[in-house]
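Visitor: Residue-level listing of the chains:
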Amino acid sequence: DQQVKQNSPSLSVQEGRISILNCDYTNSMFDYFLWYKKYPAEGPTFLISISSIKDKNEDGRFTVFLNKSAKHLSLHIVPSQPGDSAVYFCAATLSGGTSYGKLTFGQGTILTVHP
Amino acid sequence: DVKVTQSSRYLVKRTGEKVFLECVQDMDHENMFWYRQDPGLGLRLIYFSYDVKMKEKGDIPEGYSVSREKKERFSLILESASTNQTSMYLCASSSLSRGQYFGPGTRLLVL
Chain A
28 DQQVKQNSPS
38 LSVQEGRISI
48 LNCDYTNSMF
58 DYFLWYKKYP
68 AEGPTFLISI
78 SSIKDKNEDG
88 RFTVFLNKSA
98 KHLSLHIVPS
108 QPGDSAVYFC
118 AATLSGGTSY
128 GKLTFGQGTI
138 LTVHP
Chain B
31 DVKVTQSSRY
41 LVKRTGEKVF
51 LECVQDMDHE
61 NMFWYRQDPG
71 LGLRLIYFSY
81 DVKMKEKGDI
91 PEGYSVSREK
101 KERFSLILES
111 ASTNQTSMYL
121 CASSSLSRGQ
131 YFGPGTRLLV
141 L
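Residue numbers (our numbering), protein chains in the order written: chain A, 28 to 142; chain B, 31 to 141.
Hints were generated in silico from the structure; no laboratory data involved.
Since the structure is predicted, the reported quantities are computational estimates derived from the model, not experimental observations.
C-beta atoms are modelled at their ideal positions from N, C-alpha and C, and glycine is treated no differently.
Just so you know, not all the hints are guaranteed correct.
Said to hold, decoys possible - The calculated BS3-like cross-link candidates involving lysine-lysine, where the alpha carbons are at most 27 Å apart (straight line), are:
| no. | chain 1 | residue 1 | chain 2 | residue 2 |
| --- | --- | --- | --- | --- |
| 1 | B | K87 | A | K64 |
| 2 | A | K64 | A | K83 |
| 3 | A | K81 | A | K98 |
| 4 | B | K87 | B | K43 |
| 5 | A | K64 | B | K33 |
| 6 | B | K101 | B | K87 |
| 7 | A | K32 | B | K87 |
As the list claims (entries may be wrong) - Derived Cβ-Cβ restraints for the label pairs, each shown as a range:
| no. | chain 1 | residue 1 | chain 2 | residue 2 | range |
| --- | --- | --- | --- | --- | --- |
| 8 | A | S122 | B | P134 | 44 to 50 Å |
| 9 | A | V105 | B | P69 | 24 to 30 Å |
| 10 | A | G110 | B | R39 | 40 to 46 Å |
| 11 | A | V105 | B | V82 | 42 to 48 Å |
| 12 | B | S37 | A | P67 | 18 to 24 Å |
Excised from the complex, chain A in its bound form:
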């Protein structure tokens, strides 16, 4: 049972354009969402997050949008740069001590930004 889904295995965009990566979840108890970026032969690194009490969070070129009613979030990268080419993972978690910080990850989307 895949509770967090990234339905697009790959995305290709031109440098300078917007990249939009999508993520859907099924567990309505999730209340905190994160995006991680992963280069080959490296561990994932935290990119941006959003709490369920917000619908948008922005950090430089990266913005995450959350639509709770649709159980959908998206990551926007504007403008896209070749160095953004990586695998992007969406993750979700439940706040609170009993979750121990466990994250449920999506399958990942390979983003390729062409010069």
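Please build the complex by placing chain B on the supplied structure of chain A, with the hints as guidance.
Guide: Chain B alone, transformed into the frame defined by chain A:
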């Protein structure tokens, strides 16, 4: 700056061997995690630990065990390696209820 290190970047083992993957974090984090990453499947949680000697199964614990004798160290053990355990193994740690720091990963090939 948080650092999570893993004992090997690449490992080649034979079917049936016992394999130890070690992870060390230097930020006094309570929680530590082992994942495997496979194409099209994302990161799947194998085991996690929320304190020394405390562990819980993740989503895919079969064929694996773990050990946490010290707070900074979390080991993943493949009791009898099989070819379907060929994968990228990632260790992570966190002290908060959100967000994890990952090690560089160990790419394991079981022949």
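Visitor: Could you run down the list of hints and mark each one as holding or not?
Guide: How the hints compare with the structure:
Among the hinted pairs, B/K87 with A/K64 is consistent with the structure: their alpha-carbon atoms are about 25 Å apart, no more than 27 Å. Simply put, A/K64 and A/K83 have alpha-carbon atoms about 19 Å apart, close enough for the 27 Å limit, and the pair holds. Annotation: proposed proximity of A/K81 to A/K98 holds, straight-line Cα distance about 13 Å (limit 27 Å). For the hint linking B/K87 to B/K43, the alpha-carbon distance of about 24 Å falls within 27 Å, and the restraint holds.
This hinted pair checks out: A/K64 and B/K33 have alpha carbons roughly 17 Å apart, not beyond 27 Å. At roughly 18 Å between alpha-carbon atoms, B/K101 and B/K87 fall within 27 Å of each other, so this suggested pair holds. The suggested pairing of A/K32 with B/K87 holds, with an alpha-carbon distance near 22 Å, which does not exceed 27 Å. Taking the beta carbon of each, A/S122 and B/P134 are about 28 Å apart, not inside 44 to 50 Å as hinted.
Taken as a hint, the range 24 to 30 Å holds for the pair A/V105 and B/P69, whose Cβ atoms sit roughly 28 Å apart. Between A/G110 and B/R39, the C-beta spacing of about 23 Å breaks the proposed range 40 to 46 Å. Separated by about 45 Å at the C-beta atoms, A/V105 and B/V82 satisfy the suggested range of 42 to 48 Å. Under the hint 18 to 24 Å, the C-beta atoms of B/S37 and A/P67, about 20 Å apart, fit the expected range.
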